[in-house]
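Colleague: Given next are the chains, with one letter for each unit.
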Amino acid sequence: MNRGELVPRRRWPAWFDVRGRHVSGWAFILNRLTGLGLVLYLIIHLWVLRLLTQGEARWNAFIALAKTPPFLVLDTILFFGIIYHALNGIRLTLVGLGIGVSAHKRMFWVLMGIGLVLFVLSTWGLWTMTK
Amino acid sequence: MTEQRTVQFRVFRYKQGRERPWYDTFDVTVTPRTTVLEALQFIRRVHDPSLMLRHSCHHASCGTCGMRINGQERLACITRVHDIAGERVTVEPLANLPIIGDLVVDMKAFYAKFTPMAMPLIRHSEFLPEAEPPEGVDTYTRLENCIECGLCVSVCPVAASDPLYLGPAALAAAWRVVQEPRGQNVPEILAQVDTAHGCWRCHIAMECSAVCPSHVDPGAAIMALRGTLIRQHLPWRRKQQGGDAHEPR
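Here the protein sequences line up with chains S and L, keeping their order. Its first residue numbered 0, the first sequence is counted upward by one per residue in numbering that gives the first Met the number 0. Its first residue numbered 0, the second sequence is counted upward by one per residue in numbering that gives the first Met the number 0.
It cannot be assumed that every hint is accurate.
[Unchecked claim] Estimated spans, in silico, between C-beta atoms of each pair:
| hint | chain 1 | residue 1 | chain 2 | residue 2 | range |
| --- | --- | --- | --- | --- | --- |
| 1 | L | Thr24 | S | Leu35 | 30 to 38 Å |
| 2 | L | Thr30 | S | Leu39 | 47 to 55 Å |
| 3 | L | Glu179 | S | Thr75 | 50 to 58 Å |
| 4 | L | Asn144 | S | Thr127 | 54 to 62 Å |
| 5 | S | Arg18 | L | Thr30 | 20 to 28 Å |
| 6 | S | Leu115 | L | Glu86 | 35 to 43 Å |
| 7 | L | Gly135 | S | Leu96 | 24 to 32 Å |
| 8 | L | Glu131 | S | Pro7 | 50 to 58 Å |
| 9 | S | Leu29 | L | Ala111 | 27 to 35 Å |
| 10 | S | Pro7 | L | His196 | 25 to 33 Å |
[Claimed, not checked] Straight-line C-alpha distance at most 25 Å; calculated SDA-like pairs for lysine to any residue:
| hint | chain 1 | residue 1 | chain 2 | residue 2 |
| --- | --- | --- | --- | --- |
| 11 | S | Lys104 | L | Gly226 |
| 12 | S | Lys104 | L | Asp137 |
| 13 | S | Lys104 | L | Ala219 |
| 14 | L | Lys107 | S | Trp14 |
| 15 | L | Lys107 | S | Pro12 |
| 16 | L | Lys14 | S | Ala13 |
| 17 | S | Lys104 | L | Ile229 |
| 18 | S | Lys104 | L | Gln71 |
| 19 | S | Lys104 | S | Leu32 |
No lab work stands behind these hints, which were simulated from the structure alone. Remember, it's a predicted structure, so these values are computed and weren't measured experimentally. Heads up, the beta-carbon is just placed ideally off N, CA and C, and yes, glycines get one too.
Let the hints inform the model, and build the full structure from the sequences given.
Modeller: The following block contains the structure:
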C-alpha cells in the first residue's frame, strides 16, 4: 500500500470535469466554452467599433491589421464558436421543448455534420476573400 | 486456468477532521470476473479495515455502491475490473454530495429532494396478465425502476453548480408520478418542479441518462415535465382550465 498522495485542489468549475463524459456532456461543455468566448468577442467587437468615431484613417488601419494571418486565425476560431453554438443551440431548443429527445445524439451528429460543411466553406471564404 | 493480473487501485480517502483528502494505492490481483466492489472489499479485508464504502446487494438492485471509477459514475458491484482500460483504477466517491468518509457520501440531501416527489414504491401493473401490451406497443417501459443510487446527481453539471437544483433523480420521480399518479397530488408535484431550481434549471447535458444503471432516462423525464408545464401555461389552456392547474413559483 502506498499512502499519502493528496487529492489536488480543483482549479476549474466542477462542470468542466471531462473525465468519463459522454457525447452530450462534451457538447454541454463546448457549448459553455463557446458561449463564454462569444460574450468575450462581443465585448471586444463593441470596443473595436468605437474606432469608427475616431476617423477614417484609424478605422482603415485596423481593417488592414484585421486582414493579417494572426487575426484570420482568430476569426477562424470565432467561426467555429458561432457555428457550433448556433447549431447546438438549435438542438438544445428543440430538445428543451420536448422535440426529438430520444434522438438528441443523432441530432447532434447531423447538426455537427452541417456545421462542419459551414465551417469549411466559411473558413475557405475568409482566407481567400481577404487576400 | 483463470487469467489473473495485478491492478493498482488508487482509492480516494478522507476522514472527518482531516484537512484534505488523499489517495492510497493498493495492488489487487483480479480475475476476469472480479468486480470493483469485490476488489474494494478485498482491500478492506486484507490491507486497510478503515476503508469506508457502502454496498449491499451485489447485483445492482440496492444502488448503494455508486461511485466514480476512473472518473465515470458506475455501480461498483457490476463493474468488472477487466472492462476498465489500463492497469490503474482510480476510485472516488460520488460528486455533488457531502463526503462522510472515504467512498461514503451523505445521501440525506438526495433523499430530501427525492422523497417529496412521493413516488409510490409498489408496482401495480407489473406481472399482471392484463398488463399485456396492446397492439402497436412493443413493450411497457418500466417507470419505477430508479434504485436511488445517486449516479445521475453525481454526473450532473448543473447539480455541481446549483445546490438547490432538485436534480435528475427527483425530477424523474416527479415525472413518474405525473404519468401514473396512483392517488398522488399531481398539481402539487408539478408546482414543486415548476421552479427556477426545478425542471427549468436543466441544461440538457443528458449525462444523467447516459450513466443511469436502471435506464430511467431522467433527461427525457425532465424534458417531458417541461412539455407538460409548457402546455399548461399556454394562455388558451389556462382559459379552458379556468386558471392554472397549479400556482407556479
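Colleague: Evaluate each hint against the coordinates.
Modeller: Results of checking the hints against the structure:
Take Thr24/L and Leu35/S: their Cβ atoms lie about 37 Å apart, and the range 30 to 38 Å holds. A hinted range of 47 to 55 Å for the beta carbons of Thr30/L and Leu39/S is consistent with their spacing of about 52 Å. Between Glu179/L and Thr75/S, the C-beta spacing of about 52 Å keeps the proposed range 50 to 58 Å intact. Checking the proposed 54 to 62 Å range against Asn144/L and Thr127/S shows it holds: the Cβ atoms sit about 56 Å from each other.
A hinted range of 20 to 28 Å for the beta carbons of Arg18/S and Thr30/L is consistent with their spacing of about 26 Å. In this structure the supplied range 35 to 43 Å holds for Leu115/S paired with Glu86/L, their Cβ-Cβ distance being about 36 Å. At about 26 Å, the CB distance of Gly135/L to Leu96/S agrees with the hint of 24 to 32 Å. Separated by about 55 Å at the C-beta atoms, Glu131/L and Pro7/S satisfy the suggested range of 50 to 58 Å.
The supplied range of 27 to 35 Å is met by Leu29/S and Ala111/L, whose beta-carbon atoms lie about 33 Å from each other. For the pair Pro7/S and His196/L, the supplied restraint of 25 to 33 Å holds, since their beta-carbon distance comes to about 30 Å. As the CA atoms of Lys104/S and Gly226/L are separated by approximately 19 Å, the hinted pair is consistent with the 25 Å bound. For the given pair, Lys104/S sits about 23 Å from Asp137/L by alpha-carbon distance, which is consistent with the 25 Å threshold.
The hinted pair formed by Lys104/S and Ala219/L meets the criterion: a straight-line CA distance of about 12 Å does not exceed 25 Å. Of the supplied pair hints, the one linking Lys107/L and Trp14/S holds, its CA atoms being roughly 22 Å apart against a limit of 25 Å. A hinted pair counts as satisfied when its Cα atoms are at most 25 Å apart, and Lys107/L with Pro12/S qualifies at roughly 24 Å. Between Lys14/L and Ala13/S, the direct Cα distance comes to roughly 22 Å. Compliance with the 25 Å bound is thereby established for this hinted pair.
With a CA separation close to 23 Å, the supplied pair Lys104/S and Ile229/L stays within the 25 Å bound. Between the alpha carbons of Lys104/S and Gln71/L the distance comes to roughly 19 Å, so the proposed pair stays at or under 25 Å and holds. Annotation: proposed proximity of Lys104/S to Leu32/S holds, straight-line Cα distance about 20 Å (limit 25 Å).
Hint compliance for this structure: every hint is met.
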